[in-house]
Amino acid sequence: MAELTEKSGNVIISATIISLIIIIFSLIALLYITHNIYLDAYYIIDTFFDAPNSAAAGDLAQLSLLFPPQKLAIILSIVIIDNIGKLLIISFVIAAVIDIISYANLEKYISAVHARRMRDHIIICGYNPLAERLIRKLNTLKKKHEIAVIDNNEEIVVELHRRRIPIVEGSFTNPKILKLASADKAKIIVFVEQDDAKNLIGVVEAKRLNKEIKVLVRSTKEENMTKMYRVGADMCVLPEYIAGISIGEFLLKHTGAHK
Amino acid sequence: MEGYKEHVIVCGYGIVGERIVDILLEHKVNVVVIEIDHKKVELLRDRGIPVVEGDATTSKALKEAGIADAKAIAIAMDDDAKNLFATITAKSLNENIIIATRANDDLFETKLTDAGANFVATPNKSASDELFNEIIKGL
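Listed in order, the protein sequences are those of chains A and B.
When we follow our numbering, the leftmost residue of the first sequence carries the number 23, and every step to the right adds one.
When we follow our numbering, the leftmost residue of the second sequence carries the number -2, and every step to the right adds one.
Since the hints were derived computationally from the structure, they do not count as laboratory data.
Be careful, since some hints might not be right.
Here are the simulated lysine-lysine pairs, BS3-like style, with alpha carbons at most 30 Å apart [said to hold, decoys possible]:
| hint | chain 1 | residue 1 | chain 2 | residue 2 |
| --- | --- | --- | --- | --- |
| 1 | B | Lys88 | A | Lys249 |
| 2 | B | Lys134 | A | Lys207 |
| 3 | B | Lys134 | A | Lys229 |
| 4 | A | Lys243 | B | Lys79 |
| 5 | A | Lys233 | A | Lys275 |
| 6 | A | Lys201 | A | Lys166 |
| 7 | A | Lys198 | A | Lys209 |
| 8 | B | Lys134 | A | Lys275 |
| 9 | A | Lys249 | B | Lys37 |
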């Protein structure tokens, strides 16, 4: 949502700058011909609010009364070019507004607002098979708990919108993104990415935002477990490590090495 | 890998594979690793662990690791499809071999069993159980 607002803001700023350039250009061009700055300024501002009509030379009659016939053709040409530019800017701004309220972005907005209003909820950072399994299990609970997901993969974001799972798009190592998921008001946060460094940063940022939050984290290496606990994790799981042990023990049992 | 009999082949020396190798070596089980990454192959050679450099899904690498005389095989690569492929190849080369493998995706658990795996570890399953139990405590 923050990125979306920023993108739309950039479009509006660009449109404003372009329209100012066109107004100044038109003013200079008309001044060169008419030598009457007040009349030119009035006319340009007036036509800015009447761009569609002026671009079609709808006010030809008005122009013919104001300027001598020998200058009318050139003035009319400037006014038409000027107003075509304004029409383009208007279209540009309308496109930006449509982009904001388009279906996909509206879903993003609703999802972001939903996540922002959550309290005592569970945040899952990173969406992968482990996260999916965990969400499925949480949804089997009789008492339903609100869950928000943070992920920066566009495909995952679209998929979770489709499944009506509140998602905040972005990196969970960014405190602003954590705040958008209301980490400051959440009860539990779970980091399930397969990247220990990212998870570690996530734990630090989550604890900084909310000292009371319960932090569960996944680690791929045993040596990183102590680091996770040191920065405030309440529990650390090692899925690959556990799998290695279970396969090793199975093989010991079935090869006769483990009596 | 000549001279090896009743040994265990470990395919993939990632986080899971490394743990398996450590456990087996602790119990003095003969191990041969198949690894595609040259850096890891060098590391294994430095540690004195027999290693075949190659793709564990191919008959060539499995034969080189002595699959015909092996007692068991641990297929522990990151990619479920590769694990399935290696399971099928291993079973076709040695009907009696004991196969233990891993699945990241639920869908592959039954596929690997159907292909001949005797044991399938699902890292996400055990981890999600642990996380779930901890979450319930905190709610």
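Hint check results:
A threshold of 30 Å between alpha carbons decides the hint, and for B/Lys88 with A/Lys249 the separation of about 42 Å lies outside it, so the pair is violated. With a CA separation close to 18 Å, the supplied pair B/Lys134 and A/Lys207 stays within the 30 Å bound. Our distance criterion of 30 Å between C-alpha atoms is met by B/Lys134 and A/Lys229, whose separation comes to about 19 Å. At roughly 23 Å between alpha-carbon atoms, A/Lys243 and B/Lys79 fall within 30 Å of each other, so this suggested pair holds.
Of the supplied pair hints, the one linking A/Lys233 and A/Lys275 is violated, its CA atoms being roughly 45 Å apart against a limit of 30 Å. Pair hint A/Lys201 plus A/Lys166 holds up; C-alpha atoms about 22 Å apart against a cutoff of 30 Å. Annotation: proposed proximity of A/Lys198 to A/Lys209 holds, straight-line Cα distance about 18 Å (limit 30 Å). Restraint check for B/Lys134 and A/Lys275: the C-alpha separation of about 34 Å exceeds 30 Å, so the hint is violated.
Restraint check for A/Lys249 and B/Lys37: satisfied, since their Cα atoms lie roughly 25 Å apart, inside the 30 Å limit.
In this structure, the earlier hints numbered 1, 5, 8 are contradicted, and the remaining ones agree with it.
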